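Residue numbers (my numbering), protein chains in the order written: chain A, 1 to 307; chain B, 308 to 614; chain C, 615 to 921; chain D, 922 to 1228; chain E, 1229 to 1535.
If you're looking for bench data, these hints aren't it; they were derived computationally from the structure.
Be careful, since some hints might not be right.
[As the list claims (entries may be wrong)] Short derived list, chain D residues pointing at chain C, Cβ under 10 Å:
#1 Thr-923
#2 Ile-926
#3 Lys-927
#4 Gln-966
#5 Pro-980
#6 Phe-1014
#7 Gly-1016
#8 Leu-1067
#9 Tyr-1142
#10 Ala-1151
#11 Glu-1154
#12 His-1158
#13 Arg-1167
Note that the coordinates shown come from a computational prediction; the quantities given were computed from them, not determined experimentally.
Ideal placement from N, C-alpha and C gives every residue a C-beta, glycine not left out.
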Amino acid sequence: MTERIKEILSWYGSDNPGTLTNLARVLNHGRLGGTGKAVILPVDQGFEHGPARSFAMNPPAYDPRYHFQFAIEAGCNAYAAPLGFLEAGARDFAGDIPLILKVNNHDSLMDEKDPDQALTGAVSDALRLGCVGVGFTIYPGSSHRLEMYQQIRAYGEEAKSHGLIVVIWSYPRGSGLSKEGETGIDVCGYAAQIAAQLGAHIIKVKFPSPHIEQDAAKKVYAAEKIPITAGSERIRHVVQCAFNGRRVVIFSGGAATTDEAVLNEIRAIHEGGGFGSIIGRNAFQRKKPDALRLLDTVMKIYSGGAR
Amino acid sequence: MTERIKEILSWYGSDNPGTLTNLARVLNHGRLGGTGKAVILPVDQGFEHGPARSFAMNPPAYDPRYHFQFAIEAGCNAYAAPLGFLEAGARDFAGDIPLILKVNNHDSLMDEKDPDQALTGAVSDALRLGCVGVGFTIYPGSSHRLEMYQQIRAYGEEAKSHGLIVVIWSYPRGSGLSKEGETGIDVCGYAAQIAAQLGAHIIKVKFPSPHIEQDAAKKVYAAEKIPITAGSERIRHVVQCAFNGRRVVIFSGGAATTDEAVLNEIRAIHEGGGFGSIIGRNAFQRKKPDALRLLDTVMKIYSGGAR
Amino acid sequence: MTERIKEILSWYGSDNPGTLTNLARVLNHGRLGGTGKAVILPVDQGFEHGPARSFAMNPPAYDPRYHFQFAIEAGCNAYAAPLGFLEAGARDFAGDIPLILKVNNHDSLMDEKDPDQALTGAVSDALRLGCVGVGFTIYPGSSHRLEMYQQIRAYGEEAKSHGLIVVIWSYPRGSGLSKEGETGIDVCGYAAQIAAQLGAHIIKVKFPSPHIEQDAAKKVYAAEKIPITAGSERIRHVVQCAFNGRRVVIFSGGAATTDEAVLNEIRAIHEGGGFGSIIGRNAFQRKKPDALRLLDTVMKIYSGGAR
Amino acid sequence: MTERIKEILSWYGSDNPGTLTNLARVLNHGRLGGTGKAVILPVDQGFEHGPARSFAMNPPAYDPRYHFQFAIEAGCNAYAAPLGFLEAGARDFAGDIPLILKVNNHDSLMDEKDPDQALTGAVSDALRLGCVGVGFTIYPGSSHRLEMYQQIRAYGEEAKSHGLIVVIWSYPRGSGLSKEGETGIDVCGYAAQIAAQLGAHIIKVKFPSPHIEQDAAKKVYAAEKIPITAGSERIRHVVQCAFNGRRVVIFSGGAATTDEAVLNEIRAIHEGGGFGSIIGRNAFQRKKPDALRLLDTVMKIYSGGAR
Amino acid sequence: MTERIKEILSWYGSDNPGTLTNLARVLNHGRLGGTGKAVILPVDQGFEHGPARSFAMNPPAYDPRYHFQFAIEAGCNAYAAPLGFLEAGARDFAGDIPLILKVNNHDSLMDEKDPDQALTGAVSDALRLGCVGVGFTIYPGSSHRLEMYQQIRAYGEEAKSHGLIVVIWSYPRGSGLSKEGETGIDVCGYAAQIAAQLGAHIIKVKFPSPHIEQDAAKKVYAAEKIPITAGSERIRHVVQCAFNGRRVVIFSGGAATTDEAVLNEIRAIHEGGGFGSIIGRNAFQRKKPDALRLLDTVMKIYSGGAR
């Protein structure tokens, strides 16, 4: 156990040894194992956007085994997916990579002003599939948010008592926010705070923009001169918003884009003291060699061996 | 146990031996037993459309025993029906044919923009009636879909822990979709993916049309040149959408029509690598000899002995 | 045990001996015991319409003991009432007549477009009061119907596991139907089918009119030439709609009317193969001697001793 | 045990000895003990109308101990209050007077067309505080009524199984009724019937006015010539509506008014065969000596020693 | 144990020794220990208003350990915070200061006419984190209030049976009230009464203004000449409204303001017989030395050593 991992574990003083063990499994796995940085592969887009929109540009990715294999080869810290995808590979890859069961999901066959997710997995499913924890999406800004907070509270209580970790995707969205506001720096910081207060061990938020959504926040950012011009500054602020850096916060990029755009964000996350990335579409929507090459560079940046 | 059935069972690595046994019972029963193809008789139309509209054209079908007997004589792999119909024959035909309890149902005495179903059976009912599994309808595209996903999640967890299989009827419908969109190729593929992610062992979807419903999907189908002109191509695509063919996907035809129309669809399903059919109204709304003759041809097509 | 009762019990092959025993208790009790016909006294109108509208024309009927006594003297097969009415007499008349606890109820102090009922009794109440079963109203055609189906599903599961029978009052009503449609022949048949599929042992529907409510049904009734002109023909059709006569279907008449009107319906039910009647207001809203005289004639008709 | 109390207990033949014991405790306590009449002090107005509006005219009544003491000194049969008020005195006055935990409550900081109440106490609270039973308000005529009936059903089942009694405040109110209709004679009688059917041991209704609310009821009251001119006639009718007098029905007066107005209602209740009164604001909103004097006269009327 | 603490404990005669022990822990801790006065530090503003708006003016406060440390140094009676903040320090500061788990929370990423809170912690969480009790916000005046009362009822039942105390933040808000009405004297008194009736051990309300919100209350305040001109008079009235002073009522000030404004309110609370304060933003939004200096004066006022 490296000193850095010991330090990170020390932030979670209320968790039982089972949960700390599973958190250590994530932080000690893969190419970034022991560094305190983490790259997680999430594949719930088949549910979220549909299979063709997710996998047709790289057809092997229709196969659930592809993603287990890819996460292993790329040296990711963990692989996160819905029930069906994990059930379809958990035996074949048992023990090969830490798994996170994404326990709520959402489809896009219906437009909603205020999005919500369905509970699609249980803590007992995570246990029987050998997962290290559960993943849960909340939508701050949606009229369904309070119910979602209550759901993750119950999942968190059960997960922690069984030695699992809790990963929260905190994605502001809904009628309380403008489209631009979903990634605004104040909103991203707030999203990280809510996830931390809800008891998350690992928090995923969007890469923040310099936009400030709320008037009451604008005054404070101006008065206190909070630096948010550079991406790394915004990352540093979001990390501060999550218990002053005492929670693992990782960032997601969104839709597939160019290698360089991805890597620029990675560099900003690394410089800003972020704990890593969740890379989904930018991984499985490239041909495998291209994706492995991109993740190789990502890993190098996070381990300090590349710029 | 044939090699093909062993192969299919190998896809379900997270299920307990009880569930695998029941899946094998379905796949090894009837005239298609051991081939990896399946034809299932479903009779929930008395609930869905009313008794006269369902059975008046073939009055013996008012009797619940008729359908057990028919499924046995036709050599189907399984018979699926609501609580009342199964309770009325499960003792008389105990052990004669695998039974699937359809645990949610819907009537048509009220029009709704966004359809929903009532839970009408329990996992405990399936167990006491000797069923191999439970069947559940979801309506992606309806405002009730998230609640339906949550219901099948809970049923699935209980069913699997008791060694039963889960069959999902994934029928997109509701205010999120146009009428034409309900059978659009993108929507059918998406419906198969959702059912698979929800943990279904067997997935039933409608026979897909070449229509593409969602704008975001249209771009992908065009860019990736996904072949969807021939029925068999669309079938192949839907099967791919369900974990690249690693889930049993069968297709339903809908309202009673001519023998030739039915058989053309069967041929397309067979050629496209589909796993079989669910044939309801086209079975019990014909006089018994006619229906048996039709199913005989269907079985021959699926077993490779007819065109 | 008569052959006819043995035959009827044979239709319920999935029930445990406890439930069959209680079904036999109903069918073997009173003047029609052993004939396979049944007349049940239901008194929930105090709740449904208020006490004065129900009992002021025959004031002894305000007393809950009156109805136990009346059902016994008239030779009914069973007496059905809400919690309060049964609690008020179950000890005094313990063992004298089979009791059915009406576990949901509705009042008329508020108009609703889509009616619903409140759960007012539990299976455990039915057991502690010595009842043979529970009675439950569903309103197909109401926006609350799916929830009602789910409630009776849960009650049915619990009742059957404790050896009780399930009686469903299937009364179509609500915004999905016209007023005339509530007793239309297609709707009554559909209502009987739904109750049967929900697992009812005894089904109560309204006496059907020749009206056909649904367009899709009109075509089928015409095409298949289903005879519905005579009352007895309509009764025969409704009985067919309930598993081809393999479920006990009894009919209710509604508001108090003349003896002759009541008896004409009884004759039609008897001729059409119906299993009997539920007679409430036409019993307790007459002076006791008049009511006993009317029921005497009813019993004679059903036992074949009168026309 | 007096003959009258024995007679009253005989009406509750389905209750266990524990519940009968607690019912006897109420009927045998205080100045009216053994007569079959009862006066109960209810103090939930601090919750319902706010503390200043309830207690400022008699400030000692802000203290929860005041009401225990008052009920004891006045010789009431029981004292009913919400959780907080009972918790604040139950130890000091343990065994001094039968207590009824009012388990649902409502405030007036928000106007509603259709009122509802919150569950604020549990059967387990009633047991740990040494209460003889639970009190519950229903609002027939409100759109929330069915849910309220279901709540008291569950409370009643639990209370009775633990040997507690059930007291229902049946107060028609809501969009189904006119303001005048809330105390109309037909509505009061209906309210008493509903409470009785829901299984109440003691029923509280408002003092009825001669108004008839429902058209269908007007015809019956006219046709059957039900006497409702004198207050005592209306009382007699309401008592009849509650199982022909075989349930304990007591009456509430409402807002504080003159002694003479109160006593006139008491005389009518006594003459009409009512079982007593619930006197709240007319007790604690007078100075203690005045209130004790008023209740002394009330007790004398009910015990036959005054007019 | 001082006489004053013994006296306060005597008001809670229905609580078990475990709960009394935890109440004593709060009242005997810190600089005001044993005086019967209490100052509690609450830090849920990161959740309620977002992290930057809460902590940017004093960045060390982003760190959850800061608040534990501050509450200890300032000599507070207890520290209250949501799940995440307590989990992040409960081990490091175990036994150093009584902790209160704030079990419901609300964010401000969405405007609502009728606010509600999400359940974010459980009684079992409070127990595993070594807390003395749970804190819960209710919003009298909101359309969600009845559901909130039901939630705290359930939490209270569980908490008390496990020996924990219940602290209710009673903050009127919502469509039933004007903005000014939220702190009106009648509304504050009513809010204290509701919390007391719901079974709270410690009640937090806003510092009341002389405004009277409800017409029915205005008449009573005028008729009874209730003194509400001076702040200390209004405090005295609110304390009276909470069971005539037999419940611990403390007051919150709201947004950060000048030292003198804060201290003027503290003096009024002390003179009016209030039990103390909850001081959040006026503590952690000042630099630590300034905040400690302010709280030092507050403590002196409450202990009688300053004006």
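Each hint, compared with the structure:
no. : hint     : verdict
1   : Thr-923  : violated, 22 Å
2   : Ile-926  : violated, 18 Å
3   : Lys-927  : violated, 15 Å
4   : Gln-966  : violated, 25 Å
5   : Pro-980  : violated, 40 Å
6   : Phe-1014 : violated, 32 Å
7   : Gly-1016 : violated, 29 Å
8   : Leu-1067 : holds, 4 Å
9   : Tyr-1142 : holds, 6 Å
10  : Ala-1151 : violated, 17 Å
11  : Glu-1154 : violated, 13 Å
12  : His-1158 : holds, 8 Å
13  : Arg-1167 : holds, 6 Å
Hint violations for this structure: numbers 1, 2, 3, 4, 5, 6, 7, 10 and 11, all remaining hints satisfied.
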